[in-house]
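Novice: Sequence:
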Amino acid sequence: MKEKIGIIGYGHLGSALDRGLTKAGYETVINNGDVNSTSNKLHVNGVEVSKARSLDELAEETDEIALCIKSKDLDRVGQEVRQVLKSNHLVISFLAQSTLGDLIKAIGDKSEKVKVMTTLGIADMRGVSAIQGDSEDALKIVSSISTPGCVFKFE
Numbered sequence: 022m023k024e025k026i027g028i029i030g031y032g033h034l035g036s037a038l039d040r041g042l043t044k045a046g047y048e049t050v051i052n053n054g055d056v057n058s059t060s061n062k063l064h065v066n067g068v069e070v071s072k073a074r075s076l077d078e079l080a081e082e083t084d085e086i087a088l089c090i091k092s093k094d095l096d097r098v099g100q101e102v103r104q105v106l107k108s109n110h111l112v113i114s115f116l117a118q119s120t121l122g123d124l125i126k127a128i129g130d131k132s133e134k135v136k137v138m139t140t141l142g143i144a145d146m147r148g149v150s151a152i153q154g155d156s157e158d159a160l161k162i163v164s165s166i167s168t169p170g171c172v173f174k175f176e
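To get this note's numbering, take the position in the sequence shown, counting from 1, and add 21.
Hint data in this document are derived by calculation from the structure and do not stem from the laboratory. Take the hints with a grain of salt, since some may be wrong.
Restricting the straight-line Cα-Cα distance to at most 27 Å, the calculated cross-link-like pairs of lysine-lysine (DSS-like) are [unchecked claim]: (1) Lys72 <-> Lys174; (2) Lys93 <-> Lys107; (3) Lys131 <-> Lys174; (4) Lys131 <-> Lys161; (5) Lys62 <-> Lys25; (6) Lys131 <-> Lys107; (7) Lys126 <-> Lys91; (8) Lys72 <-> Lys62; (9) Lys44 <-> Lys126; (10) Lys161 <-> Lys174; (11) Lys107 <-> Lys161; (12) Lys62 <-> Lys91; (13) Lys25 <-> Lys44; (14) Lys91 <-> Lys44; (15) Lys93 <-> Lys131; (16) Lys62 <-> Lys131; (17) Lys174 <-> Lys62; (18) Lys131 <-> Lys25; (19) Lys126 <-> Lys107.
Okay, the calculated beta carbon distance ranges per label pair [as the list claims (entries may be wrong)]: (20) Glu69 <-> Glu176: 16 to 22 Å; (21) Phe173 <-> Lys44: 28 to 34 Å; (22) Ser71 <-> Cys171: 31 to 37 Å; (23) Lys25 <-> Asn61: 18 to 24 Å; (24) Glu24 <-> Lys91: 32 to 38 Å; (25) Lys44 <-> His64: 19 to 25 Å; (26) Gly170 <-> Ser58: 18 to 24 Å.
Glycine included, every Cβ here is placed at the ideal spot set by N, Cα and C.
Could you build all of it, start to finish, from the sequences and the hints given here?
Specialist: Here you go:
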């Protein structure tokens with residue numbers, strides 16, 4: 022098994038990312054608010070409720086955190102995430118309407134960050150993805166859930 026990845030947000034993209042990462046051999050843990058609401062959301066979606074974590078637990082257990090929330094929630098969630106981030110964390114933002122600058126403003130500059138734009142095909146490891154930022158770890162993760170040759174880097 023590969024490393025454990027935390028996913029914050031479990032809507033369409035967060036759930037697709039969870040399925041794709043699991044198929045690619047990663048272990049995932051999920052936060053979608055508090056542990057009870059996360060457990061309920063996972064149960065409704067037929068996913069193991071044992072994946073549910075508080076933000077503190079998710080940050081403690083993982084080095085890579087995928088942010089799959091709505092852009093309108095970035096400031097609110099960002100303040101909570103900022104409190105648990107460590108310098109060794111890699112934050113992979115999947116927020117379509119937020120820039121890396123917006124992310125840094127919301128969660129601070131303590132950890133490494135990249136931005137990814139992708140398709141829901143990642144659920145079946147067939148996504149087409151673009152990545153902004155210079156992280157080999159992020160590139161490896163995104164490549165594992167994307168169609169071979171369909172990951173594009175941009176500045």
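Novice: If a hint holds in the structure, say so; if it doesn't, say that too.
Specialist: Hints, one by one, checked against the model:
1. Lys72 <-> Lys174: The hint is violated at about 31 Å.
2. Lys93 <-> Lys107: holds, 24 Å
3. Lys131 <-> Lys174: holds, 23 Å
4. Lys131 <-> Lys161: With Cα atoms ~22 Å apart, Lys131 and Lys161 stay inside 27 Å; holds.
5. Lys62 <-> Lys25: With a Cα-Cα distance of about 20 Å, the restraint between Lys62 and Lys25 holds, given a limit of 27 Å.
6. Lys131 <-> Lys107: Measuring from Cα to Cα gives roughly 7 Å; hence the hint holds.
7. Lys126 <-> Lys91: Roughly 16 Å separates the two Cα atoms, so the pair holds.
8. Lys72 <-> Lys62: Holds, at about 11 Å.
9. Lys44 <-> Lys126: violated, 33 Å
10. Lys161 <-> Lys174: Within the cut-off at roughly 12 Å; holds.
11. Lys107 <-> Lys161: Given pair Lys107, Lys161 holds - Cα atoms ~21 Å apart, limit 27 Å.
12. Lys62 <-> Lys91: holds, 16 Å
13. Lys25 <-> Lys44: Roughly 13 Å separates the two Cα atoms, so the pair holds.
14. Lys91 <-> Lys44: holds, 25 Å
15. Lys93 <-> Lys131: holds, 22 Å
16. Lys62 <-> Lys131: Violated. Lys62 to Lys131 sits at ~30 Å, over the 27 Å cutoff.
17. Lys174 <-> Lys62: violated, 33 Å
18. Lys131 <-> Lys25: holds, 21 Å
19. Lys126 <-> Lys107: Roughly 16 Å separates the two Cα atoms, so the pair holds.
20. Glu69 <-> Glu176: 16 to 22 Å: Hint violated: Cβ distance 38 Å, outside 16 to 22 Å.
21. Phe173 <-> Lys44: 28 to 34 Å: violated, 22 Å
22. Ser71 <-> Cys171: 31 to 37 Å: 32 Å Cβ-Cβ, so the 31 to 37 Å window holds.
23. Lys25 <-> Asn61: 18 to 24 Å: Cβ of Lys25 to Cβ of Asn61: about 22 Å, so the range 18 to 24 Å holds.
24. Glu24 <-> Lys91: 32 to 38 Å: Violated, since Glu24 and Lys91 (Cβ atoms, about 27 Å apart) do not stay within the stated range.
25. Lys44 <-> His64: 19 to 25 Å: Taking Cβ atoms as reference, Lys44 and His64 lie about 21 Å apart, which means the hint holds.
26. Gly170 <-> Ser58: 18 to 24 Å: Given about 39 Å between the Cβ atoms, the range is violated.
The structure fails to meet hints 1, 9, 16, 17, 20, 21, 24, 26 from the earlier list, while all remaining hints are met.
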